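Protein chains in written order, with my numbering: chain A, 1 to 338; chain B, 1 to 338; chain C, 1 to 338; chain D, 1 to 338.
Hints are computed from structural coordinates only; laboratory data are not their basis. A portion of the hints provided could be inaccurate.
Intra- or inter-copy, both count: the list cannot distinguish identical chains.
[What the hints assert, rightly or not] Subject to a maximum C-alpha distance of 35 angstroms in a straight line, what follows is the list of computed DSBU-like cross-link-like pairs (lysine-lysine):
1) K267 / K113
2) K267 / K16
3) K135 / K267
4) K331 / K301
5) K135 / K233
6) K55 / K141
7) K233 / K2
8) K233 / K96
9) K87 / K267
10) K118 / K203
11) K165 / K299
12) K188 / K135
13) K267 / K188
14) K301 / K233
15) K165 / K203
16) K136 / K55
17) K16 / K2
From a predicted model like this one, the values you see are computed outputs, not experimental measurements.
4 protein chains.
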Amino acid sequence: MKQVKIALLGIGRIGKIHFRNISQQFSNASVVAVSDPQYDEESFKKEFGSVFFSKDPEEAVAHAEVNAVLVCTPTSSHASLVEAVAKQGKHIFCEKPLDLSLERTASLVKIVKEANVKLMLGFNRRFDPDFMQAKKSVSEKRIGNVQIVKITSRDPGLPPIDYIKNSGGLFMDMAIHDFDMARYIMGKKVVEVFSKGLVLVDKDVAAEGDVDTALTTLIFEDGTYAVIDNSRKAAYGYDQRLEIFGDEGMIQVDNNLHHRNIISDAKGIHHALPLDFFMDRYAKSYLKEMELFIDALVKDKEMPVSGEDGLEATRIAFAAKTSMQEGRPVKLSRITSQ
Amino acid sequence: MKQVKIALLGIGRIGKIHFRNISQQFSNASVVAVSDPQYDEESFKKEFGSVFFSKDPEEAVAHAEVNAVLVCTPTSSHASLVEAVAKQGKHIFCEKPLDLSLERTASLVKIVKEANVKLMLGFNRRFDPDFMQAKKSVSEKRIGNVQIVKITSRDPGLPPIDYIKNSGGLFMDMAIHDFDMARYIMGKKVVEVFSKGLVLVDKDVAAEGDVDTALTTLIFEDGTYAVIDNSRKAAYGYDQRLEIFGDEGMIQVDNNLHHRNIISDAKGIHHALPLDFFMDRYAKSYLKEMELFIDALVKDKEMPVSGEDGLEATRIAFAAKTSMQEGRPVKLSRITSQ
Amino acid sequence: MKQVKIALLGIGRIGKIHFRNISQQFSNASVVAVSDPQYDEESFKKEFGSVFFSKDPEEAVAHAEVNAVLVCTPTSSHASLVEAVAKQGKHIFCEKPLDLSLERTASLVKIVKEANVKLMLGFNRRFDPDFMQAKKSVSEKRIGNVQIVKITSRDPGLPPIDYIKNSGGLFMDMAIHDFDMARYIMGKKVVEVFSKGLVLVDKDVAAEGDVDTALTTLIFEDGTYAVIDNSRKAAYGYDQRLEIFGDEGMIQVDNNLHHRNIISDAKGIHHALPLDFFMDRYAKSYLKEMELFIDALVKDKEMPVSGEDGLEATRIAFAAKTSMQEGRPVKLSRITSQ
Amino acid sequence: MKQVKIALLGIGRIGKIHFRNISQQFSNASVVAVSDPQYDEESFKKEFGSVFFSKDPEEAVAHAEVNAVLVCTPTSSHASLVEAVAKQGKHIFCEKPLDLSLERTASLVKIVKEANVKLMLGFNRRFDPDFMQAKKSVSEKRIGNVQIVKITSRDPGLPPIDYIKNSGGLFMDMAIHDFDMARYIMGKKVVEVFSKGLVLVDKDVAAEGDVDTALTTLIFEDGTYAVIDNSRKAAYGYDQRLEIFGDEGMIQVDNNLHHRNIISDAKGIHHALPLDFFMDRYAKSYLKEMELFIDALVKDKEMPVSGEDGLEATRIAFAAKTSMQEGRPVKLSRITSQ
């Protein structure tokens, strides 16, 4: 493939980021078709210009020039769209998760494989420059053999309860990024999961059968582990840190602050807060993941995040939920898709 | 009590610190008798001057002026000495742990109570100025209601295998400080313990039936938790950090570095390593705990660390070991001293 | 003006940045003509697409649609181009400096004024987000009345001697940014300049009659001062820091590091080096200055950096050189353009 | 000399620190005599125990056992006491400055030399562990050849005007420490001084003919320089920093904060303020300077700060004052003691 001609399905918050990044930054890729039920042709053209538009995603996918599709619609439509696109023989970038059901996720991975198309899952955090740097240092054995990964992942605030309701729960919606990060950094197989969860931010979350605070221990095949600390609300903003401990040292990845001014006054020495909106905090990772998606297509390489990666993270999320409910560790081998 | 007249039992590494601190820093306390089987009267006087000395601890305790006793002997003799001192009606400061046996620990707490003497356990880390500051901020609700405590506690290097053999194991010897720290910061009851442990530093540790790396989750009565990350060896030195997360903020306690010079050169920006010897790192906490012990005696106040605190930390250590062996969380209520 | 239609004169390193930023980021501005003697029409179109191109800047300026011109050519041609553009009645953005001669600089400011066009000087550092934040805090009296500004401004390495030869010297070429920064932060008139300079990096610099290391004290009208510390070579990279001291506190602006990974190993705790290429370090400031230039045209507002600002910085640079040569402080009033 | 037997003249704030340090920390030194006009024998013994006491310093110096004398009295009596002690053939530690007059200072240095006794000046900051570490790194060529030293030295608050009146002025009283520090770090001869000073903290300072804010440039014999930034009042406390720039790197010495807790909340990320009382900030340096004084006597070595060091710092202070008054740089060779 020389030029990646993209159909973008869904042009909401994330879809817009990809649209803008592709339009401005890549000479070997372009968006040639867009679908989104929230727009009609007139309102779309007014905002985004003269790209082919249809309310119907199938029409966008079917556009003759299109050879790759970005699925940026709500989660509930991911599965059917990914299946449809695969069957058209076009390559796929899909925002996480593929589906809230484990069975459906597994079957999609299989379908995509059989269709012989490439699939990349949008675990964008892997492509944050700071986290990539950490992974690079780990790969270069800069801290020897890695023994522990500690992930702090706290949101700046609770999403609307309506969002929570359809999210699949904290593990499936939020911690799944961290489960993927732990696998990415460690490069090992998770075999066991122990999770505790509770409601400390807002009682309405409990009414939805969900939690807003959780602690998860992942055990890898060699007995080493990851600890993931999640909260839906940190008073000081979006807290996204990593600490990796190896037998020759430690890597810490700090938060990304609003600015580098330090003010000293009679009350203390004050630094800026972390960037608190995920689209600012991860702006570079959205760009980088698209660069790598395009690059994998143009150079016919393996995708940097596969459907299997998505499936594994989903299995861990299910194990975490089960562990929390049962009050004990859960072997990942129990979580099967049949 | 106006003047605290102390018998010091055992003048090894820790005993010397207390001896020096008491001699130099307190006008209302003095060491009036010392016992240590490693010295004879001549060698003792040569090194420490003209204080009453006996190889026999009972003679030191029985010294007419003595009204308080510091037990700084090897762990195996703590129990019998504490019991003997209590029966003499003299107050006690004892290095941790009271005993490696839970039953004996429980009975000592009872004996001391019945003897109506005061007992302070040497959980010195509580008295580190940085950790005291953190506790103070928590008490003042500076970060609202505390939800999670994360403790990083890594030694600069493995102690000799002979030490490991008699230590009671990583949980009883090393993590017990962190179990106490978690209880101290949270001020709540621990109800459940989940521990994973493995050998990553030195295989000889496994031969002793011990681990050198561990991760422990403590669940408090209200569902909130602590995570404790232990290693017997951090390549960069003694790693003693704390992170406390509450609904209005976070407190982080950083390591105490060798100095505050920062060198920038062609390879990077370099800061000094953490203080790597526990007696340097916690020099101020040894002094502070003695100040508070003396103060509690002089003002007839409650001890800042009680025998019950020691018993609880010991129960948690037993639960941690059990959890690791059983591969599942253990309710603390299972760990009883009968 | 609704749409800013720009002629870009010179599409070297800086010109390319502006070309790309304008093309990608602004809906109310576009580059409609480009000139550069280094390209011919074919090579230009191949690299930059179908914009009007001429080797002759006058043709680009004269393009019917053009209402604003960016002067990004070598310094020696700034003056004649600015004058020509002003006489065409089109607005001007000019990279610093307007000219190496004080008289010519002063006359250009006058010419521009008489032509009644807007002129912005490219003191891009004012628009770095961290420095803008510092200026904002100063304006909000966050540290009370400002007493001292300390600027550290060290390049990652010496430019080629050929560059040095035509640069106008360290004060005119490099420190001039810092002179402008000091004026910008303080918002006061400089009345006296004392500079020391010497050659510590490369003796060839001395052969050109220039220095590579300098220290300048600026005295403001109220007796307060700025200190500027310049070096052409810092082993650890591009060092661009600011410290502002006021009667109610201090603002420090730290360097912008390559990443936020911290590695601790047996040798120390290591942070990344500062960004070492000026186009990376100041990427956001180039974008922001263009945004503000366009905004000032569209809304018919005052330019955020005026020709007078350029003239003042140039006068300070002359005073600095004179002070260094005479070995004593120089009143700025001595530096006149007649 | 095997045992240093000390007469302490003046037991005010500083005298008390030395008294306590010598009593507690050194086995080869003791205070055997004390004089202070503020005490009588009874009040002295009550507070300090059974050391020989006299209101008359000559009696303390003359005490048969005494072989070294600490001069910790007000500045106005330093000269006569140092002279008297030297004539008794006893060694001297004297708090800075020897005298406010340059002539008297020079003559004292001569007298001491002729008396063949050792003299150490109390430039205690040289012995701060962080600054010693910086000096060590410089000596080890860790940053190559040193080009610039930048010293920030700001007090937490203005002393009483009565103190100012008798202090000899900001340069002689406060900046003199920094002049010595610059010489110590650089290890080169100062040849020229340029100072600006003004009153920004309190107008009453102006009424005393003094300044409360100053900036000094020192030029060393090879053209390299130091910049010293002084203020009598920093809102955020005692600001004592150092930055040393060399051709292979930079050393920064940060402030010493009250504690290492970092609190993140909705308003920012907050660190503790610097230690704000000089006796806390420099506690270790007072101990270290005494250790080195005693060591130099016991081992018959050169003193780490000589009378000549005191004289040079005093000459620089005079040059700084002259420069400020004349509004131009002053060659140090102009400042002579005849």
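Under a CA distance limit of 35 angstroms, which applies to K301 and K233: within one copy, between copies, both, or neither?
neither (39 angstroms within a copy, 41 angstroms between copies)
At 35 angstroms max between alpha carbons, let me know whether K16 reaches K2 within a copy, between copies, both or neither.
both (24 angstroms within a copy, 25 angstroms between copies)
At most 35 angstroms between alpha carbons: which applies to K233 and K96, within, between, both or neither?
For K233 and K96, the Cα distance is within 35 angstroms only inside one copy (21 angstroms; across copies 38 angstroms).
Have a look at K55 and K141 and pick one of within, between, both or neither, based on CA distance no larger than 35 angstroms.
Neither way: K55 and K141 sit 50 angstroms apart in one copy and 53 angstroms across, limit 35 angstroms.
35 angstroms Cα cut-off: does K165 pair with K299 within a copy, between copies, both or neither?
Result: close neither inside a copy nor across copies, 41 angstroms intra and 46 angstroms inter.
State whether the alpha carbon distance between K136 and K55 is at most 35 angstroms within one copy, between copies, both, or neither.
neither (42 angstroms within a copy, 46 angstroms between copies)
Check K188 against K135 for me: Cα-Cα at most 35 angstroms, and say if that holds within a copy, between copies, both or neither.
within (13 angstroms within a copy, 38 angstroms between copies)
With identical chains treated as interchangeable, where does the CA-CA distance between K135 and K233 reach 35 angstroms or less: within a copy, between copies, both, or neither?
both (27 angstroms within a copy, 22 angstroms between copies)
Within, between, both or neither, where K165 and K203 count as close if Cα-Cα is 35 angstroms or less
Within one copy, since 13 angstroms is at most 35 angstroms while 49 angstroms is not.
From the Cα coordinates, with 35 angstroms as the cut-off, is the pair K331 and K301 best called within, between, both, or neither?
within (33 angstroms within a copy, 51 angstroms between copies)
Copy assignment of K233 with K2, given that the CA separation must stay at most 35 angstroms
Neither: 44 angstroms inside a copy, 43 angstroms across copies.
Give the relationship of K87 and K267 under a CA distance limit of 35 angstroms: within one copy only, between copies only, both, or neither.
neither (63 angstroms within a copy, 52 angstroms between copies)
Hint check: violations occur at hints 1, 6, 7, 9, 10, 11, 14, 16; the rest are consistent with the structure.
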